[in-house]
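Asker: Each chain, written out:
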Amino acid sequence: MEHKTYTMGELRLMKGNEVLAEAAIRCGCDGYFGYPITPQSEVMETLMERQPWNETGMVVLQAESEVAAINMVYGAAGSGKKVMTSSSSPGISLMSEGISYIAGAELPCLVVNVQRGGPGLGTIQPSQADYSQAVKGGGHGDYKMIVLAPSSVQEMNDFVDLAFELAFKYRNPAMILTDGAIGQMMEKVELSDYKKRWTDEEVIEKNGSWATVGKPSSRERNIITSLELDSAKMEENNLRFQEKYRKMEAEEQRCETIQCDDAEYVLVAFGTSARVCQKAVEIAREKGLKVGLLRPVTLFPFPKNTIKELAPKVKGFLSVEMNAGQMVEDIKQSVYEAKIYRPVEFFGRMGGIIPSPGEVVEALEQKLMQEEK
Amino acid sequence: MDIKEIIKPENRVYGKTELLTDTIMHYCPGCTHGVVHKLVAELIDEMGLQEKTIGVAPVGCSVFAYNYIDIDWQEAAHGRAPAVATGIVRMHPDKFVFTYQGDGDLASIGAGEIIHACNRGENMLVVFINNGIYGMTGGQMAPTTIENMVTSTTPCGRDTELNGYPLKMTDLVAKLPGTSYVTRQSAQSAPAVRKCKRALKKGIQNVLDKKGTSFVEVVSTCNSGWKMTPVQANKWMEENMFPYYPLGDMKDSEKGEPVSNN
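Chains as they are written, first to last, in our numbering: chain A, 2 to 374; chain B, 244 to 505.
Because the hints were derived from the structure by calculation, they are not lab data.
You may find that some hints are simply not true.
[Stated by the list, open to error] Where chain B lies over chain A, by a calculated footprint (3+ residues, C-beta under 8 Å):
| hint | region |
| --- | --- |
| 1 | 31-44 |
| 2 | 77-83 |
| 3 | 207-217 |
| 4 | 237-244 |
| 5 | 273-286 |
Don't be surprised by glycine CBs; every beta carbon is placed ideally from N, CA and C.
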């Protein structure tokens, strides 16, 4: 089989899922462990076709289940290397136990969720119904993941490297939370330059203080575990985790604001729904309504600071989501923390339906502007 | 005064390997875990593998294995040790990776992971402690609990109509082309311990020789769970466990060799 090869910085027309695979190879990822599920199977298919083990030495393995895949990631992450998995909603539920262990053992890794509609087997159409699962924990125990929400195929490329950077910075699992629309969509993308995989020496230099690479007599044994039966020590561990999550909140909030400078009303949306809202802002502006868009890029940490800055300047927020209203709670919390009252409303579609820009403008007028008339 | 100062080197006939830490083991007196831990530690030491070894600890009584053997360890979720070990060995193909699992862990909740890891022929050693019971949680029925055996969840004895049949994991994995060495051992007497050590050594050597998965079952006692003295438990194991779980090598070949159906 002939293999596609891409040169540095080359512009390509590619599917979001294919770009995730290409970006993983290019950013020096050491291992991918996955299990097929629609609508993200192209990630592993692209990797298997590219055969990066011949090119960069990256390992790609199809596991027997999502449960096994995330535990392979846990084991491989313990080696101090850059490892990842990808799945879609039902598969992420199966992985959530493992993600909790990874967070509890403080290991870096990347998990991609190309969301589909739920609950249960649900649908294979795009959805954002795993927002709460992603940002509030998902598995058991008090833990957080760093959650990045791409809204374009370009960001599918850019966020792979960024997610690894943040995962290693905080020794914490990071998630790219996207959906079937962006995973399946073809768009123009500028691929990243190749980064070399870390050598074994570099891994030991960077992560040798905790990674299980074989114990030389010069150091104590490295033990990777989330178990601690002494409650006082377990509380200390939890306090350390919480301190880390607060540091993420202080340093890693990322978002994009579009036409918010003079906005009276602000739409808040991420990923696919943010693309819809960009058009909704245009329609609203044509109608003479001063509407802006806040697009959270990090869902955890949630860009509370920007909401707090905007709150005193605007008349209200409308959260637009492809679910029953999950992120809206975080917007309300942010407005509450701003110690000011502003209405925060929600509009969404479920079951794999993407709202139309017209619907969004209509919802904005009905839910937030009605009182004024 | 340290024991090393009391006993002159020329008079010393036996010593604890340096790889066994001084942490006091939490295992019950009479438990097989302590003996097998010692064998694993001795072999890693004797074969000079400390810097090459990564152990995967399970959930169950041996959850704290990492407190007793002085090597790098990773603690797995219940049953997932073979998947965790797969991740490690795929990142470190030249290291010696092993899992240490009990029968509740390996044969019940982790049945899927062990079958697939063995079937892929992951280059690792699996040490499988089979005492026919969940020890850590207080003596419940395991898939390996033999027929009519009394446990806290089979107070009238295991009824195969209700609970199905005791699962012979070792027989199962011996059928898979990914495994190279599959054996069933015990550790209740000096000769048995010596044999068990030879089997573990062969398993480790196979991993170093990249022969795929080696699988060493140790038929074990859980005298606390079985509500017996250690001596009674050894006798009960010999009389009741060995007929169902006969000792000996089940397979000794190269990875990928055709599997006999006999």
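Asker: Let me make sure I understand: some of the numbered hints might not hold for this structure. Which ones are they, in numerical order?
Answerer: Violated hints: 4 and 5; rest satisfied.
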